[in-house]
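*Asks:* Residue-level listing of the chains:
There are 2 protein chains.
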Amino acid sequence: MTTSNQKIIYTITDEAPALATQSLLPIVRSFAAAAGIEVETSDISVAARVLAAFPERLTEEQRVPDTLAELGALTQDPSANIIKLPNISASVPQLRAAIAELQSQGYDIPSFPDEATTDEEKEIRARYSKILGSAVNPVLREGNSDRRAPAAVKAYARKFPHSMGKWSKASQSHADYMRGGDFFSSEQSITMPEAGDVRIEFVGKDGSVEVKKELSLLQGEVLDSMFMSCKALRDFFEDTLNDCKETGVMWSLHVKATMMKVSHPIVFGHAVTVYYKDLFDKHGELFEEIGVNPNNGLSSVYDKIKSLPDSKQEEILQDIHDCYAERPEMAMVDSVKGITNLHIPSDVIVDASMPAMIRNSGQMWGRDGKQKDTKAVMPESTYARIYQEMINFCKTNGAFDPTTMGTVPNVGLMAQKAEEYGSHDKTFEMKADGTMRVVNAATGEVLMQHEVEKGDIWRACQTKDAPIRDWVKLAVTRARQSDTPAIFWLDPERAHDMQLKAKVEAYLDEHDTEGLDIYIMGYNEAIRFSMERLIRGQDTISVTGNVLRDYLTDLFPIMELGTSAKMLSIVPLMAGGGMYETGAGGSAPKHVQQLLEENHLRWDSLGEFLALAVSLDEMGIKNDNKRARILGQALDKATGKLLENNKSPSRKTGELDNRGSHFYLAMYWSQELAAQSEDAELAAIFKPLAEQMTANEQKVIEELAAVQGQAVEIGGYYHADPAKAAAVMRPSATLNGMLESLAV
Amino acid sequence: MTTSNQKIIYTITDEAPALATQSLLPIVRSFAAAAGIEVETSDISVAARVLAAFPERLTEEQRVPDTLAELGALTQDPSANIIKLPNISASVPQLRAAIAELQSQGYDIPSFPDEATTDEEKEIRARYSKILGSAVNPVLREGNSDRRAPAAVKAYARKFPHSMGKWSKASQSHADYMRGGDFFSSEQSITMPEAGDVRIEFVGKDGSVEVKKELSLLQGEVLDSMFMSCKALRDFFEDTLNDCKETGVMWSLHVKATMMKVSHPIVFGHAVTVYYKDLFDKHGELFEEIGVNPNNGLSSVYDKIKSLPDSKQEEILQDIHDCYAERPEMAMVDSVKGITNLHIPSDVIVDASMPAMIRNSGQMWGRDGKQKDTKAVMPESTYARIYQEMINFCKTNGAFDPTTMGTVPNVGLMAQKAEEYGSHDKTFEMKADGTMRVVNAATGEVLMQHEVEKGDIWRACQTKDAPIRDWVKLAVTRARQSDTPAIFWLDPERAHDMQLKAKVEAYLDEHDTEGLDIYIMGYNEAIRFSMERLIRGQDTISVTGNVLRDYLTDLFPIMELGTSAKMLSIVPLMAGGGMYETGAGGSAPKHVQQLLEENHLRWDSLGEFLALAVSLDEMGIKNDNKRARILGQALDKATGKLLENNKSPSRKTGELDNRGSHFYLAMYWSQELAAQSEDAELAAIFKPLAEQMTANEQKVIEELAAVQGQAVEIGGYYHADPAKAAAVMRPSATLNGMLESLAV
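Those sequence lines, one after another, are chains V and R. Residue numbering for the first sequence follows this note's numbering, starting at 29 and increasing by one per position. Residue numbering for the second sequence follows this note's numbering, starting at 29 and increasing by one per position.
There may be inaccurate statements among the hints.
Going by beta-carbon spacing under 10 Å, a handful of chain V positions derived as facing chain R [stated by the list, open to error]:
(1) A203
(2) T424
(3) D429
(4) G550
Beyond 10 Å from chain R on every Cβ pair, some chain V residues (computed) [claimed, not checked]:
(5) V92
(6) D225
(7) G276
(8) K531
The set of hints was computed from the structure by calculation and includes no laboratory data. Because the structure is a prediction, the values reported are computed rather than measured. Note that CB positions come from ideal geometry on N, CA and C, so glycine has one too.
For reference, chain V alone in the conformation it holds in the complex (with noise of 0.2 Å):
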């Protein structure tokens, strides 16, 4: 892979974002050269990875350069340009049928090793492991988060607008949280004045000290600390259910289970011992026998009740039933198969479900299948503030309107795991009551402590310098491209933000702001000030820490636009060049499926349209290349008119697929190209092709019609055969011809 500042790194992902790319990367290529910018192919694919780690097993033909090594090695060339689809993030499972499938191919990869008692298996298994999971995005994201809803997109919701809720005035529901005693009002927040280890420690009543991490810190990280009281958390709990079952209204627990993944299972557990009160008081110690986990949901007690005796079952269950008697009614997964919210603890994602509630009224599902309102428990009152806010706010102006709505951009703090999400190796449930406390390793002094008992959750939190000078810059930028108000939400009863507010205002000064409205407020104040611009239809964008930009690229999008998955994410990369990603669906075996036996592809490539309409135009202006930046915006245009005019895929075979939308974008970008009048010799140059596709859009659209309908082969799964693959993606012999013809 060579650098190049006229060049666009295209990533070769899995499944149906890689069948699609087979049928777009053509008409991309044909369409960039014209502005002398080549796109070139980096397979970060699972089957690619796997092969990179075995080279010395291939043979000279067989082997691949190790390409996300190389794509992490390219974030810090300042003129790096990489458009990032979804990949796989890849299980044990899926793992093996990758391995599996090369192998049958003939490449004399290892298997995955169950257990890995040699070195040689140990060897094996480390290497694998590196391409498990979500391996991909770390090494990528070298920057800092910019998303927005893209100007085709914005037109398309406000032209065809998705159901909103109506909201009444007299609405119950509401958001509750802790008002003390959680992570909010115990947060403690340093700044590292220069470089140094500290340790985080326990201390026992009885003085005994045990280590619980050792950090080593830069100059300028912020180390935050902070814990949640176990009782408090009880007791609000226990206050929350006793408030619905006084009040009337139903009963709802919003967490983020996934991904705090040490803390959030832990409260969710609470909630579960605390609704099922009677249940647990009654059964605990047998439940302990069995294995019963409640911080994997009620769903642990069915599972582990199984291997009792069917008496003690029953009785079980009918104690349950009696729970529900005893507490407010629940709000449901699955109301008809009796899934409740407190079932398992991925099932109700709080920046996912909270945003539907709000869409949805403000009401959520109940044991009789109708909506209802709801109380939204939200321990930790940091962010669920925001939520109570947007429901108030509901409540006085009623549901948003897409139709005239305005839109709230997000530039996120995100690099180097800037705010890390979750904090899994720095969260402790505490065994016992003592200190915690950050030590500086160097002269043993405390930076920060904290009194806690036995059962609270405490964790610490680190943000490096670096990227938040990064994050300050993208602000600026944002501001004055898109010449939109910018607000820091930064809250002046968190410790860690002041930390942060005091870098903001320093790092402000490096630039130029004049004429720019850039804010710092609190997230009430931003949240508020936000939303009242919203419904003028004026556009406001978000500045945020890592978690509010990760919950609020869902809440407004899905008020805005009814998904999120068709934001753009842009990640400007700290070195200088940007990534591009795409899409937020997934790599979507079943559309897969769906080609192999229909050969029809129903993957929407519009994250690909749009990341790619960006690549163009930042390289334009990167570049001073004109003539990419009148790309990247006919791209826009043409997209818009695709949206418009209904050219996405569908869903059912026989009718437009991946293939034929691909051809619209093509035929409009083409037209926008030829109608444009920034550069003339581009227009000539796109003008017959844009003729060609005017004149032939019923033949191409019956080519590619005409091939639907049967089972196709491409050459395997994991590793297709991409001389098939491409046969199958390109049957338009028109199409393909036109295209070779515009040839530059």
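Assemble chain R onto chain V, guided by the hints.
*Replies:* Same frame as chain V, now just chain R:
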């Protein structure tokens, strides 16, 4: 009356306050003398004003000066320092009674003519008409308003908090207001570039022009015009009723028909005819015949149908009853007597009713006498929004806590009838469709205009420039003196407020605002900002227009103190002097009756204590009279002690009354003065008095208690014999002796 830099003018008024003055004034005079301050009285009682109106009919000895005119002139004197006690706003019956009493005392004044036909009668009536009603305030209020909760009162409320209803997060209560078609959405505003005349005209559909009003405006004067759509208003009422029917929330209407005495009765009338639509549809013609006026409430129906045959009356009552079955439950003024919210327009006055509702968990009383969640309907959205903001705030944060909350004092624009409350002479109900316009009389230029329909309510409103400039100065002064942030409540969506904002920004430049926190915010933002500070124990000055002045000086005091009657109300006169208004409880005829029958005066002079302390303090500042300031500050501390020790007057004869309370005030005041170390000589003066008073506490209280329980006589009600009144009000020889001994 002479004016001196070291003189306080203490007004003699009527009834209870005048009696209390007989006891309090000797104390005040004795103490003030120590700072070289003279306390002069100015009799503005109804009786004195009657006598002053007919000098030619009185003997030399009987004649009294025209004190109100003198006071009016004094307001223009920079050294004016006036303590204004509550006085009678005389109704005709009260005036007749005062005249009769004066006649019986040998004053040859004419009787009030029932009908004025002769020139003489007309002249008499004209003179008397100047004494009727609220004749005093317009003369004296030559300044803007400065209202605050004095420290002593605040301390008392913190120590002995009033009850506050708990707020449920699930409360369904809310404010509801029009989203268009109201005064707010149609407001236009201009500032006169130079002095000139304008005409307010109605142009009919046929082109005919009717001049409704001619106005002479000053340079820089702000003139607003706006209208409320009758159709939009009635649709809005119907919507609110349907919404309540659907959600089961009680319906209530909150207007200010007493003050907005032209526009709000019309609004109220529409509420009546919409709520009881079926009734008015059926009997409308009959009602018109018998003179039912819905603007006077449903009580007008009950009144007028008395003339109808019994069977017809019964039919109508049944039809009223049927309306209740059709419509949602309505809030009751008196559920026992069946008096609903729509019975009488003056029963529910928004600035009192909304704070009461918010203090009462957001609930009002239903037909069954139970508290219920309520929709508070306030058609005009301009100010209604602040109540919704506070309701949302209480749902989120719970009820305010008087023991910890801060305070929101007010600096209100009021001078020279700024933003004239009600604008009665410029409010018109449209008799036909057409155009209302404001025209420059000199040029014919149309300055503002609205298309209106029959039934719409159109109004204009004036605000002179000089009061605005003074208001800005007062805000800066208060922010400086109290070291408290000040917020100008100027809404970006109100045309009038944007005219004012330009002026405020310009006039702020005239002051040194270095180190002050002065903000300009929209209403929602301002109240939210203030409330966020309030619950954290922080104070925020609200700098508002006239209507918000009125609303907020009830709203916040009722949360903070449980009443607005304990607020200190200062009118810093534009010419430089100061007027200190005391109490808000009226002049209390029942108190006089109790005194005459049982020799117990329950009048609470707290307002006088508070006003006097500020009067002394400000006199000290203006004249560099340090002793005056020490006296004032000691008086404040004494008032605090009095409140803390519960030495306010009891309502029950036999217990401590107004006179005893005055003794305690004197005792605490002397103790504070003796204890202070800023002025040793002053301390020495008061030390013996403090010691005597402390030693003789029991004796004085016994002497004061001894006289209670039997009838007394003071030689008149409106024009009592000063010697007799003084004797009744100063029955403790020991106290009188001690005060005399102080004479400095």
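*Asks:* Compare the structure with each hint and give your call.
*Replies:* Evaluated hints:
1. A203: Holds, about 8 Å.
2. T424: Because about 5 Å separates V:T424 from the closest Cβ in chain R, which is inside the 10 Å limit, the hint holds.
3. D429: violated, 12 Å
4. G550: Nearest chain R Cβ about 9 Å off; hint holds.
5. V92: holds, 57 Å
6. D225: Answer for V:D225: holds, closest chain R Cβ roughly 38 Å.
7. G276: The claim is violated: V:G276 sits with its nearest Cβ about 8 Å from chain R, within 10 Å.
8. K531: Per Cβ check, V:K531 is outside 10 Å of chain R; nearest 24 Å; holds.
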